[in-house]
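Chemist: Based on the provided sequences and hints, a complete structural model is requested.
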Amino acid sequence: LKEAGGGSTQSPERMIVTRLALLGAALLPLATCFAPSIPSVAKIGTRNPSAVGRCPLAPRAERASTGVTMMAEPAIRIGHGWDIHRLASLEEAGQPCVIGGVTVKDFELGTVAHSDGDVLYHSTVDAILGALTMPDIGQLFPDTDPKWKGCDSSAFMEEAWRLMDERGYQISNLDVTLVLQRPRVSPIKDKMKDNVVKLLRTSDGRVNIKARTHEKVDSIGEARALACHAVLLMEKK
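Under the numbering used here, the first residue of the sequence shown carries the number 6, and numbering increases by one thereafter.
Because the hints were derived from the structure by calculation, they are not lab data. It is possible that part of the hints are untrue.
What the hints assert, rightly or not - As a list, the in silico PhoX-like pairs of lysine-lysine whose alpha-carbon atoms are at most 25 Å apart:
(1) K154 / K203
(2) K194 / K110
(3) K110 / K198
(4) K110 / K215
(5) K215 / K198
(6) K110 / K241
(7) K242 / K198
(8) K110 / K242
(9) K221 / K194
Modeler: What follows is the structure in structure tokens.
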């Protein structure tokens, strides 16, 4: 077979090999889009080998302090928050027990705290801050600052949502577990959930609130304290 233009002849096998080589060269840049990162070989001050020839359509990346190249903002982030407060007589606490923005009625104990001591809101705020790799609630709203004395913790929730929104994220789902012997929260569970949904600008199907006792074990089981865990997933808008 003759090449176009009257060049030298090539066998069919030779032509197939040549064309496969050209095709491989053309596809090489695309293949780098799917190459896994290799952080173990990335050293401070050196370029990550997996970043060589990176696909131009790949998301913008940033360099961490370790020299490893990574995504500027991940598509999802996960956070965990935990809070505990002591329960005491209303006289000692100086305020009632507030959970999920709801004041518990006909309950003789109050929450001892600098703010209103809402463990559900506090753990949720810490979960958001943790997912965003930001300082915790105690650093943003220190209990040494008099302006937060007796503060409604919905203000902390509003600020946490603002920080999340500013970074371009929204709630994917939030799972909350209250751990307390008293008070009983089943009568106010729906109201607590409504409050969280509104504050985080999300929907009912993305928030879950459950509660369990502590089997009368330690301070929580003896109704001298209450606690809460919150786990959330946030996603890019």
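Chemist: Against each hint, give a clear statement of whether it holds in the structure.
Modeler: Right, here's what the structure says about each hint:
1. K154 / K203: This hinted pair holds, its Cα atoms lying about 24 Å apart.
2. K194 / K110: At roughly 13 Å apart (the allowed maximum being 25 Å), K110 and K194 satisfy the hint.
3. K110 / K198: The given pair, whose Cα atoms are some 17 Å apart, holds under the 25 Å limit.
4. K110 / K215: holds, 19 Å
5. K215 / K198: holds, 10 Å
6. K110 / K241: With a Cα-Cα distance of about 39 Å, the restraint between K110 and K241 is violated, given a limit of 25 Å.
7. K242 / K198: The given pair, whose Cα atoms are some 22 Å apart, holds under the 25 Å limit.
8. K110 / K242: violated, 39 Å
9. K221 / K194: Given that 25 Å is the threshold and the Cα spacing comes to 22 Å, the pair holds.
In terms of the numbered hints stated before, the structure departs from hints 6, 8, listed from lowest to highest.
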